[in-house]
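Q: Read top to bottom, the protein sequences are chains A, B, C, D and E. Heads up: the first sequence begins at 1 in my numbering, then just goes up one per residue. Heads up: the second sequence begins at 1 in my numbering, then just goes up one per residue. Heads up: the third sequence begins at 1 in my numbering, then just goes up one per residue. Heads up: the fourth sequence begins at 1 in my numbering, then just goes up one per residue. Heads up: the fifth sequence begins at 1 in my numbering, then just goes up one per residue.
Because the hints were derived from the structure by calculation, they are not lab data. Here a beta-carbon is modelled for each residue, glycine too, at the ideal position from N, C-alpha and C. It is possible that some hints are incorrect.
As the list claims (entries may be wrong) - What the simulated footprint calls covered on chain A by chain B, stretch by stretch (three residues with Cβ under 8 Å from a Cβ of chain B suffice, anywhere in the stretch; the number is not a length):
| hint | segment |
| --- | --- |
| 1 | 20-31 |
| 2 | 62-72 |
Said to hold, decoys possible - Covered stretches of chain D, as calculated for chain B (at least 3 residues, CB under 8 Å):
| hint | segment |
| --- | --- |
| 3 | 60-74 |
| 4 | 103-115 |
| 5 | 119-133 |
| 6 | 167-174 |
| 7 | 206-219 |
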Amino acid sequence: MAQTTLKSRSRQIYKPKLARQVKEKVIEFILFLAAFSSVATTVAILYILIKESFLFFQEVPIVDFLTGTKWTPLFVNPQYGILPLLSGTLMSAGVALAVAIPMGTIAAIYLSEFATKRVREIAKPALELLAAIPTVVYGYFALLYVTPFLQNFFPKLPGFNILAAGLVMGLMIIPFISSISEDAMSAVPVGLREGSYAMGATKLQTALKVVFSAAISGISSSYILGTSRAVGETMIVAIAAGLRPNLTWNPFDQAATITAFIVQVSLGDLPHGTIAYQTIFAAGLTLVLMTLLLNIIGHFLAKTYREIY
Amino acid sequence: MPTTNLRKLRTNLNRRKLINSGFAFLGATIIAIAIIILLGLTLKMAFQGAERITPEFFTSFPSRRASRAGILSAWVGTCLVMLVTAMAAIPLGVASGIYLEEYAKKNWLADLIEINVTNLAGVPSIIYGLLALGLFVYELRLGQSILSAGLTLALLILPVVIVTTRESIRAIPNSLREASYALGASKWQTIWDHILPYSFGSILTGVIIGLSRAIGETAPIITIGALTFIAFLPKSPFKSEFPFLSFEWLQAPFTVMPIQMFNWVSRPQAAFEINAAAAGTVLIGMTLGINAIAIFLRYQLRKDIKW
Amino acid sequence: MVINNSHEQITSIPKAEVADLDFYYGSFHALKGINMTLPEHSVTALIGPSGCGKTTFLRCFNRMHDLYPGNRYEGSIWLDKDTNILGRKVDPIEVRMRISMVFQRPNPFPKSIYENVAYGLRVRGENNRRLMDEKIEDALRVSALWDEVKDRLNESAYNLSGGQQQRLCIARALVADPEIVLFDEPTSALDPIATASIEELMSTLKDRVTILIVTHSMQQAARISDHTAFMYLGELIEFGRTKDVFNKPLNQQTEDYISGRIG
Amino acid sequence: MVINNSHEQITSIPKAEVADLDFYYGSFHALKGINMTLPEHSVTALIGPSGCGKTTFLRCFNRMHDLYPGNRYEGSIWLDKDTNILGRKVDPIEVRMRISMVFQRPNPFPKSIYENVAYGLRVRGENNRRLMDEKIEDALRVSALWDEVKDRLNESAYNLSGGQQQRLCIARALVADPEIVLFDEPTSALDPIATASIEELMSTLKDRVTILIVTHSMQQAARISDHTAFMYLGELIEFGRTKDVFNKPLNQQTEDYISGRIG
Amino acid sequence: VPAVKSQSGSIIKIDGSSTVYPITEAVAEEYQIENKGATQVTVGVSGTGGGFKKFCSEDEAVRTDISDASRPIKEEEMAMCEAAGVEYIEIPVAYDAITVVANPENPIESMTVEELAQIWDPESEGEITNWSQVNPEWPDAEFVLYGPGADSGTFDGFTDKINGDEGASRTDYTPSEDDNVLVQGVSSDPNALGYFGYSYYEENQDKLKAIAIDAGEGAVVPSVETVRDGSYAPLSRPIYIYVNAQAAEKPEVAEFVEFYLTNAEGLVPEVGSVPLTPEEYQEGIARFQNGETGTTAAK
Ligand SMILES: Nc1ncnc2c1ncn2[C@@H]1O[C@H](COP(=O)(O)OP(=O)(O)OP(=O)(O)O)[C@@H](O)[C@H]1O
Ligand SMILES: Nc1ncnc2c1ncn2[C@@H]1O[C@H](COP(=O)(O)OP(=O)(O)OP(=O)(O)O)[C@@H](O)[C@H]1O
Ligand SMILES: [Mg+2]
Ligand SMILES: [Mg+2]
Ligand SMILES: O=P([O-])([O-])[O-]
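Bound conformation, chain A alone (with noise of 0.2 Å):
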């Protein structure tokens, strides 16, 4: 090949650089910006949460808020006591979980280890079903279907209560444990696997021994997942589970999370910069620094426990 070609070849590919370098310069920065706008909704919902928070609790003691039994914030002699509405929180997502835990475990060992190909392509999604369903859905089927079921056996159940809430709580989060763990465990190799059946162990033994420790991270991702779904659920216990904040652990009663009293107070639309109007900030706070704390639990026990074959 001649020379001279080789030349004009070279002159020719050498042309576009600084166009393109400015291009491809713009473009990254572009991208950022957008990548960094999910900072930015952190960083605003920091933002307003503090705000409105900062001028409650300069009305309210924060001791008295965090010890306080009684949540009457609306009333004559208001109390900012946030416990009854974390008893009802923690009661309701404790049922749920009671039900999701258990289920979404069992339910994705099978799916990962027994089932055939074909039954774990037809059940899996079926399950995810479970939680495309809106959330105001399931708070009708507790209200109007569950409640009255379990007024049946329990006659002395109100029409309001934690334990309908919960239960159907529970159903709505099992596919967030199994896919989750479900994939987790599809994930471990297959020689490790193969290393434990060819020791005899049974499919059991396998999933247990071998495949559940080796996918705990997942698995337990999964479990604080759900545990953070729980908490922050809305529309099931506003709906069914009643609106009255009540300090009690029995899930026959009826009781308010922080989550419905945030969805009551809405409703009644209250005006900005009242001290009511600054609870469900104060409230939102308190639900948004719970499911920090379970992120960052999750992101420990990551790490503790990452997959490591």
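Given chain A's structure and the hints, the job is docking chains B, C, D and E with the ligands onto it.
A: Frame of chain A, contents of chains B, C, D and E with the ligands only:
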């Protein structure tokens, strides 16, 4: 191997196999129970609402008389809100996903964004409602409008879109990236010509799943204050004079399907319970329809793409 | 068509006998009419070009193919002349308790060193700590790992080097006194030093068990095995004493392979 | 320390010259003081045991290592004596436009056959359909694929067989008239027949371009290359005309490798 | 309601009392049918207090044109309105009876004002929790209370008239601005007791039982007659709409208010409330047309 030994081995084996089958039965039962309960409740609702699901139900506004009340303003509102949500969440989420997967260097900033996205995914939806109330309604003065609601839900599903975008991009084998670079493509060329087209389908699937979640969200919309009697439609986005597009509808008051259902659920008259059941059935139908599209897309993609 | 150019001089007692074995992955006919005997207390090597079916054959011995749908065996593998491993009524789990396996890549469980070896006993419901300690120490000694790990039995197995992990897997395979141990290219993921230590192990192991090993290295086969089987395109082409197969192959294809002309 | 036992008889014009090349994956020193010339219009083979750095070396020529963080080059590779490929101011994208690459596994884009080849032109902003048609036909002809695909240029490239896909990748690499084409074990994922057709191609290609190829098969190196470089543990041990390297290696390690004693 | 295509402009924003809501909703519905969607009306339910907070808001984006109220505007609300420069016209639209309801399974038929006060007194919180503590003849069972929230005019009216002090109430009950929630609660719990506007009882007579109230002259059950003749005491009261005087100058608002008052007589009974007399409605129209601002209700 001595036969006594073999016999011991077999007894032990039989016990283990029994436990094994017991568990398999338990697992299948649990899955079946969960699905049957869901199916049972849904069908019960559908039967209860069936008498109300007529064409008029879709073309009537809400009314104080249950038998005349319909979901026209609700489903139109839902569609418009979803439109805003999709328009905001898709570009933002896809761009973020691309940045995180293809550009971000391993540094504290990338870690921050990454951890932040995970965290946002766990923030309860009602908190987005509070954000919207404080930010969109009061600080930015967007009012209790379709725009506020759409943006709120867009932020809510942003983590879903980001995560699925990242996963779809990650599923593209590195060999294709290297092939493109080796031909002298720049980074953006590689992304635009290869990464995006090849992951388009699965990103779309993720977005649709995100939207199907947004469609049923009630709490954040209640928080911005949308529970009202709305018996009219927002202005049409099209008009006869130039420039033919109108954005007034963005500012309009609105209601959406889950809010309408919530409204009817909390009415005590049995007749409205039927409406609520009918609206719930339609809402589930919409959600399932959207999910079915997503599943179909995913299936089509699996069939076509094999790298 | 069954080609079986066995040399006649196999002397030891047969531990297992393969008779007319065919194997199918769905419709793909991967093993074709294999007949072979596995002599007791000796090392038998399977060699052949990539894709010829060595791994497939090996995994018939502990019914590993049962784990995946669509696989089909035909023919039989007789263990001690009385049990057909492939028999319909024979439980694959029982087979696997008698015939254990070591894989190509070390695959210790994400558990402690102790628990990895203990697993072979625990699946049988063994819980007696004294007995387990004893057996585990024994297995680790035989696998030439005891001295290196005896002070850190509770550490994670993932802290070990690749070679140590593979020896751990060997200990795990040995702990419950299997009759046959199958090795599928056990050193292909290891460096030369780790490889040497595992090869050294082999010769001591055959006092306890019968060994069947797949290897892609002819040199390795020559170094460690007593008998060698050469496979090609799913068929067993030649089987005999290692030195015979390597020095005076009966079959042209074997010779081509050994001299590097094919593969 | 630079070991460079080059035979002296290299005759053709150097297309590229490697001078004191070191390469690091993070802190891992993968290439150590390599000096070599790449003769123009000829096929140069890189051989050596697995992990010796062949792929790493090859990917220095088109700056592929720039794609991943933590990689570091030292030294230089002069192209046509005037451009240092590794130079700080040289844009890797330009390098890749002049030096293209074919990978170990065929990696066509999930696009049509036509668009696969066209992509090499499109990245340069070429859009003239007539000119593209011409160049694409030419590239496909040179890659001995034209006759097989000319009637189905709009079909997906995934409908082609592995060997056809690899030839498509070669056409893609050739379409924009590169000066050097790098091949990284281009036949290792292919069956013998496909391999033969690609080997055949090589000899016709060298009229257009300079070829550097990594292969794990010494036979292949012997068959297709004009010059051979033997690498070991990140160093270039021996470099010279292929027949010299294979028949009278200067270095003991080369001889050991060629005779199968190591690797 | 048949579909009406949206075409033009103005929106009338209404919010406030849940007691008035059914009436306003019915009027809005009829008005929009008649009007073919030319004017759009939104009706929210925030409770009387919540409604006034919006009605008198400085923020125009939030401010409503009309506020539903189940009690007259309070001093502090007047001050808020003044600060925001909002003038208003007060128009009564119906009578209401705050109705005390129990589950139909509950054997109690009537209560004296004192008994009611004892149940709802702030002092009783945590102390009085059982029917029999109030009246030994009543069942020995814990009661469960439902009532409106603190933004509610009904709450203000009830506490004022029963406990003698506006806002004085025990707090360990289920509060909701949405009376439908209260109906749900009482109807699903045999030991429940609640109170809310008459129309919510009227609509749900099959699930609820109205408790007769004895203010010293014998127990009286709420009904259209007992409200009209004043014998259902002390829990009867007029209910209002408040119209922003500035907004009233807009023709569509004026048209709507007049439509409201001319059709109220027919629509009020339909939603289970007690209508005013035709003369009273005429007076209201006159007040409105004359633009008489301020409140006339005796405090
Ligand atoms: N799960 C499977 N399904 C279908 N075909 C398979 C499967 N596993 C292996 N094969 C095919 O069966 C044949 C034998 O494979 P096998 O893995 O036994 O070869 P091998 O001799 O062990 O090769 P290597 O040395 O590469 O491990 C090959 O053609 C392979 O492609
Ligand atoms: N991305 C990487 N990061 C760190 N080390 C690497 C990386 N890629 C390769 N190496 C190491 O660099 C050395 C050379 O690897 P390279 O892939 O160049 O070998 P090779 O000669 O091509 O081997 P093969 O024949 O197996 O392809 C090996 O020790 C390898 O482990
Ligand atoms: Mg194999
Ligand atoms: Mg390589
Ligand atoms: O909603 P209220 O009528 O009780 O104010």
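Q: Closer than 8 Å Cβ to Cβ for three or more residues is the test here. Does the segment 103-115 of chain D pass it with chain B?
A: holds (count 6)
Q: Between the segment 20-31 of chain A and chain B, see if three or more residues pass the 8 Å beta-carbon test, and mark the coverage as holds or violated.
A: holds (count 7)
Q: So is the segment 206-219 of chain D in contact with chain B by the C-beta rule, three or more residues under 8 Å, or is the coverage claim wrong?
A: Violated: only 0 residues of the segment 206-219 of chain D have a Cβ under 8 Å from chain B.
Q: Closer than 8 Å, Cβ to Cβ, for at least three residues: run that test on the segment 119-133 of chain D against chain B and report holds or violated.
A: Holds, because 5 residues of the segment 119-133 of chain D bring their Cβ atoms closer than 8 Å to Cβ atoms of chain B.
Q: Count the residues of the segment 62-72 of chain A whose CB lies closer than 8 Å to any CB of chain B, then report whether that count reaches three.
A: violated (count 0)
Q: Count residues of the segment 167-174 of chain D with a Cβ under 8 Å from any Cβ of chain B, then say if the count reaches three.
A: holds (count 3)
Q: So is the segment 60-74 of chain D in contact with chain B by the C-beta rule, three or more residues under 8 Å, or is the coverage claim wrong?
A: With 4 residues in contact (Cβ-Cβ under 8 Å with chain B), the coverage given for the segment 60-74 of chain D holds.
In the structure shown, a violation is registered for the earlier hints numbered 2 and 7, in ascending order.
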